[in-house]
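Engineer: Sequence order for the protein chains is A and B. Heads up, the first sequence is in this note's numbering, so the first residue is 1 and it goes up one at a time. Heads up, the second sequence is in this note's numbering, so the first residue is 1 and it goes up one at a time.
Quick caveat, the hints were computed from the structure, so don't treat them as lab data. Please read these numbers as outputs of a predicted model, since none were measured by experiment. Treat the hints with caution; some may be incorrect.
Distance condition first, Cα-Cα at most 20 Å in a straight line; then the derived EDC-like pairs of lysine to aspartate or glutamate [what the hints assert, rightly or not]:
no. : chain 1 : residue 1 : chain 2 : residue 2
1   : A       : 208       : A       : 293
2   : A       : 92        : B       : 8
3   : A       : 131       : B       : 16
4   : A       : 92        : B       : 22
Covered by chain A, per the in silico footprint, the following chain B stretches (three or more residues, Cβ under 8 Å) [claimed, not checked]:
no. : segment
5   : 4-11
6   : 15-29
For glycine and all other residues, C-beta sits at the position ideal for the given N, C-alpha and C.
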Amino acid sequence: MSTIAIECRGLTKRYGDVVAVDGLDLSVRTGECFGLLGPNGAGKTTTVEILEGISEPDSGGVVILGESWTNGAASLRERIGIQLQETQLAEKLTVLETITLFRSFYRRGLEPRDVMRIVRLEEKEKAWVRKLSGGQKQRLSLAAALVGDPEILFLDEPTTGLDPQARRQVWDVIAEVRSRGGTVLLTTHYMEEAERLCERVAIVDRGKVIALDTPAGLIAGLGAEHVLEIETDPAPDLARLQGLTGVRHARIDGGIVSLTVGEVHVAVPALLDELAAASIGLKRLTTHHATLEDVFVAMTGRHLRES
Amino acid sequence: MRAHPLVELTRVKFLEFIREPEALFWVLVFPVLLSLALGIAFRARTPQALAVAVQDGAGAQAAAFAVALKLFRWK
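Whenever a hint applies, use it, and build me the whole structure from the sequences.
Structural biologist: Shown next as structure tokens:
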């Protein structure tokens, strides 16, 4: 299917002097999992809030499922599910009571017990929200977003602050939603998350989309598949490393040299020879597959986790 | 089958309330204790005697008689 579920054009939002969103265009297809990736303060949450109809843009238009927030808000709210960055649910209600409450807000939707099964909280049915772990609370707020059987699910940093196992469980839930044919828009600053879940990813920086493609496409755009990181004493001559066979790009950041390379087995011997010839001591050498993080660094010169 | 959101919200607020022992104390137990305490502290006080005067003038006699009659009836 190639119909458009979410479309926005020229979105702008200012908070005083700060431009949070600066002319942002997006279109998300029905049935797709779309990721907004960017550092803290890039404008991801503001963008998502505008799309969710929670805040109004200063300029630009939003069309969700063929309707707009100005004249179709009430019916639109029945068709979308939202998980905010942080959700504070009533501490002394049980899991089932909370889901039942949220179910009552929608005219049509799923059975509370079915949703509990999707988010794997069946055993916690009678447990108070206060007694749940961080990951369980996150899955409960996901359940609250899912109980209206939404056509579009908005997830704002669904796994921030969760341990790796809890994160994996949230991923499983999102995968299950996807398998039911739902459209998912999620924001994240975790690379693995975007690579694993999303079919297309938009990299957002300072309120603008600076790149948009499949995760694999973005990585391929680097022109190289591997990243070599070395730490040396003294620092090497960057221009010479740039000229080595197999090296596409070299940059230095905080004493660590990153080389984007096509083939590790070609680049490493050349690099070692070069360092030996210049009598530079090698303190550390690591290599990894290029990730979206590397894409972000190559595009902005900054790391994702810096804001 | 889904309940009306208002019904569901009322139910939930009620559940939250009865699961809060402190709230139960302040709303149900404390007012009873307070009224008992105040009742004990201020019970069995006889009303003080009131001095009533009638200003002299035209019809003062009749007024004094009427007041006296009223006080007499109250006793």
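Engineer: Decide, hint by hint, whether the structure agrees.
Structural biologist: Going down the list of hints, with the structure as the test:
| no. | hint | in the structure |
| --- | --- | --- |
| 1 | A:208 x A:293 | holds (17 Å) |
| 2 | A:92 x B:8 | holds (15 Å) |
| 3 | A:131 x B:16 | holds (15 Å) |
| 4 | A:92 x B:22 | holds (13 Å) |
| 5 | 4-11 | holds (count 5) |
| 6 | 15-29 | holds (count 4) |
Violated hints are absent here; each numbered hint is respected by the structure.
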